[in-house]
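S.K.: First residue of the sequence shown: 1, per the numbering used here; consecutive thereafter.
Derived from the structure by calculation, the hints contain no laboratory data.
As the structure is a prediction and not an experimental result, all values here were calculated from the model.
Note that beta-carbon positions come from the ideal geometry of N, C-alpha and C, so glycine has one too.
Certain hints may be false.
Unchecked claim - Here are the in silico distance ranges between beta carbons for each label pair:
hint: 1; residue 1: Gly186; residue 2: Pro127; range: 43 to 53 Å
hint: 2; residue 1: Gln215; residue 2: Gly264; range: 40 to 50 Å
hint: 3; residue 1: Pro24; residue 2: Glu174; range: 12 to 22 Å
hint: 4; residue 1: Gly128; residue 2: Arg76; range: 14 to 24 Å
hint: 5; residue 1: Pro24; residue 2: Lys262; range: 24 to 34 Å
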Amino acid sequence: MTLHVVPRLCHTKADLAKARAALPGRVAVVPTMGALHAGHLALIKRAKEIADSVIVTVFVNPLQFRPNEDLDKYPRTLDADLAMCEAEGVDMVFAPNVNEMYPDGREGLTTVHAGPDGEILEGASRPGFFTGVLTVVSKLFHLTRPDAAVFGEKDFQQLAMVRRMARDLDTGIEVVAVATDREPDGLARSSRNVYLSEADRAAALAIPRAIAAAQDSPDPLAAAQAVLAAEPGLDVDYVAVRSADLGEAPDRGPARILIAAKAGTTRLIDNAHVHVGPTTAGDAR
């Protein structure tokens with residue numbers, strides 16, 4: 001018989017420290033900005049598989065939003081998030097406010113610099129984004145003291161950046177990846193999908209179509225570009241093929257395609273494994 005678990009809700013760092021001290025065994029953290037959906041639940045399920053205790057953090061981090069982005073309208077659904085965490089058997093939810101996370105304000109704040117890989121793709125389109133991400137993730141790692149942290153592959157560059165930070169700063173934290181969860185029509189699940197009108201969503205579906213075309217082509221970049229260019233309702237920010245560690249794309253072999261585009265006013269990102277050049281029986285997919 002499975003015991004029903006009501007997550008301990010902590011709003012302050014002091015409450016978190018007390019509750020964290022009582023958690024048994026191996027601890028995994030799932031950092032989120034809330035507005036939880038099935039993609040987040042996949043992360044929580046994976047965390048439950050690899051740890052004895054699971055912490056979910058819910059914090060809309062202002063450091064990773066630029067002035068013209070959707071910080072104020074980003075969905076905040078804590079009650080629904082808590083219900084989903086309870087249904088999944090989460091042990092603790094840490095949901096601080098901005099003053100709790102940045103008590104001295106954000107001017108002059110000590111931050112974690114993302115390095116050169118944080119200045120390409122999302123970093124080029126959203127300067128300072130990965131500094132904001134890595135700073136808050138570093139703080140959450142210190143506060144929750146996990147053995148493992150679970151992230152989704154949908155934010156692939158973020159995943160790579162967090163892995164690099166965890167390694168470079170000797171955190172000892174295992175960063176675990178979970179494959180992108182998709183809606184029935186192929187669109188990658190995102191909290192921002194709720195903003196899409198019917199027409200915007202139809203345009204956005206060119207993104208998973210472009211990925212499918214890329215996966216079936218020896219020239220994945222050209223294949224994806226052709227599909228995206230044929231969709232007038234999509235404003236493409238970037239489409240790129242890189243190595244699995246975000247280096248330059250290989251001349252041949254496994255790689256990653258990454259796409260960012262706007263459908264209406266909603267910016268979406270996606271990515272997937274691809275193979276550059278013709279495949280043979282000896283190629284690892």
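S.K.: Does each hint fit the structure? Answer for all of them.
M.R.: Hints versus structure:
1. Gly186 <-> Pro127: 43 to 53 Å: violated, 31 Å
2. Gln215 <-> Gly264: 40 to 50 Å: violated, 26 Å
3. Pro24 <-> Glu174: 12 to 22 Å: Because 18 Å falls inside the window, the suggested range holds.
4. Gly128 <-> Arg76: 14 to 24 Å: Given about 22 Å between the Cβ atoms, the range holds.
5. Pro24 <-> Lys262: 24 to 34 Å: violated, 45 Å
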